[in-house]
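Q: Sequence:
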Amino acid sequence: MQFFEICALISLSTSACTLFLKPANRAKFLHYLPFLALLFLLLHALFEGVRWQMIPAYFLTFLFLLNSIRLLNHPSKLSAIQDRKWGRFIGGFGAILLLIVSAALGSILPVFELPEPTGSYMVGTTTLMLEDTNREEIITEDPDDHRTLMVRAWYPSDNSNSGGTQMDYMHPFEAEYFAKKYGLPAFTLNHLKHIETFAYENLHVSDQEATFPVLLFSHGYNVPPATYSSFMGEIASHGYIIFAVNHPYQSVATVYPDGRKVSFDYRYESKNFENVWEQIVKLEEKFWAAGSDSVKRDIIREISDLYPNAEMMRKWAEDLSFVIDELQGMNSQANNRFSGKLNLDKIGAFGHSAGGATAGQLMLTDRRVKAGINWDGAQWADMIDSTLAHPFLRIEAVRDSATFAPNDLIYHNGSDTVIYDLKVNGFGHSNFSDIPFLIPLQSINEAGDADPYYATELINEYSLAFFDKYLRGDLNIDLRDLDEKYPEGTLKVD
Numbered sequence: 001m002q003f004f005e006i007c008a009l010i011s012l013s014t015s016a017c018t019l020f021l022k023p024a025n026r027a028k029f030l031h032y033l034p035f036l037a038l039l040f041l042l043l044h045a046l047f048e049g050v051r052w053q054m055i056p057a058y059f060l061t062f063l064f065l066l067n068s069i070r071l072l073n074h075p076s077k078l079s080a081i082q083d084r085k086w087g088r089f090i091g092g093f094g095a096i097l098l099l100i101v102s103a104a105l106g107s108i109l110p111v112f113e114l115p116e117p118t119g120s121y122m123v124g125t126t127t128l129m130l131e132d133t134n135r136e137e138i139i140t141e142d143p144d145d146h147r148t149l150m151v152r153a154w155y156p157s158d159n160s161n162s163g164g165t166q167m168d169y170m171h172p173f174e175a176e177y178f179a180k181k182y183g184l185p186a187f188t189l190n191h192l193k194h195i196e197t198f199a200y201e202n203l204h205v206s207d208q209e210a211t212f213p214v215l216l217f218s219h220g221y222n223v224p225p226a227t228y229s230s231f232m233g234e235i236a237s238h239g240y241i242i243f244a245v246n247h248p249y250q251s252v253a254t255v256y257p258d259g260r261k262v263s264f265d266y267r268y269e270s271k272n273f274e275n276v277w278e279q280i281v282k283l284e285e286k287f288w289a290a291g292s293d294s295v296k297r298d299i300i301r302e303i304s305d306l307y308p309n310a311e312m313m314r315k316w317a318e319d320l321s322f323v324i325d326e327l328q329g330m331n332s333q334a335n336n337r338f339s340g341k342l343n344l345d346k347i348g349a350f351g352h353s354a355g356g357a358t359a360g361q362l363m364l365t366d367r368r369v370k371a372g373i374n375w376d377g378a379q380w381a382d383m384i385d386s387t388l389a390h391p392f393l394r395i396e397a398v399r400d401s402a403t404f405a406p407n408d409l410i411y412h413n414g415s416d417t418v419i420y421d422l423k424v425n426g427f428g429h430s431n432f433s434d435i436p437f438l439i440p441l442q443s444i445n446e447a448g449d450a451d452p453y454y455a456t457e458l459i460n461e462y463s464l465a466f467f468d469k470y471l472r473g474d475l476n477i478d479l480r481d482l483d484e485k486y487p488e489g490t491l492k493v494d
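By our numbering, the letter at position 347 of the sequence shown is numbered 347, and the numbering carries on one by one without gaps.
Keep in mind that the hints were calculated from the coordinates and are not lab data. If a hint is listed, it holds; no wrong ones were tucked in.
Derived DEER-like restraints, expressed as beta-carbon distance ranges:
#	residue 1	residue 2	range
1	D481	L63	53 to 63 Å
2	I100	H194	20 to 30 Å
3	A334	F187	38 to 48 Å
4	E196	A27	36 to 46 Å
5	I90	V276	48 to 58 Å
Note that CB positions come from ideal geometry on N, CA and C, so glycine has one too.
With these hints in hand, go ahead and build the complete structure from the sequences.
A: Okay, here's the thing in structure tokens:
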């Protein structure tokens, strides 16, 4: 919870405890505690922002103020209920219950603090809409609908830049549909407007370097792209231009500049997955009964042929290749924010979950990408029968032996250069996103035991070291040097 919220709740808790005393036995100064709570709430509204989780505390402050004003002005006129022991106990316990509700709501859905970027650059950001007129949007039923991507760019800017407004953490439409994904009311995540993002809209790209390496990022399946802000901002602050692609109808939501809004298409998902899971479950049972790796790989191929998300990863990789095509034109155009600033000989790709697997798939289909990272994504599609041509890093949560995790078998061909495999104890699937900050309940958020800030730091540091080595050409970097700093990780290099 935020500072002034905590101060207000402490003041209100003390006021609630005084209800157990007879009004005549209360010290006069206790009647002024609700005014102190009001002061803290006014400061909270001014500096932290009003949010719905605090409504019980706002309501209780109003009641306490009315009661205190009455007692201060007419101390001899006590209500019969207040003068009775049972009335005082009902009032006291009722007030404490409201405060517990407010504190719980504020803690379960907090106004959290993102890690502040540690790089030497300010972080600028802007959005681009890119329409691929050569590809039909197969998810919609309109035959004239082309694949249209929203892309958020994160990039290094100079400290001398000013005037940019701070980026909103999440668009209200995206927040609404992220809440609905969990069966929550649309207003549940309204408080995200108070998150400080450390990224500023439409700043100039830094002039400290002639060009910057380019990274492409893909989000997880049915995950809001905004929930990777702590990673995008950190990596951009170290001198990378990132183009984070929103894959429409398969992210939580997409908002276009003309006001058009689309959300995750559950109809398309239901159609795609119809009768598939039952077959996959049977194949997984065969997988566990198989006696050799070669047989297990054959079963993984069968699963991949059935699994709709394998085809989705191919489509998402096409999205990323299309973005690279567009960047080539953008880099050569005059009067463009990124004109001449993109080093398109140094392109990397990374992502989380299905987006991480998309980065791997992209490296098989687009040789312009020179380095890639998969954050905890099952690598379906074409990797199992392929060899990577460039360096690759896998960062994955350690799972128990009973969990179906096919990546070690899928990556059996490795890379012509080098492939890193980092397994991290104490991580869960959502630790590769901001979700543990946003919903700090392990029973819901699929995070591990690791502190979210520590997990974010580890992932960012390994990812930056990898890209610095293979895109910036710092050959003195050895990723194994990070093992001592992060003992939870086990790094294997092939």
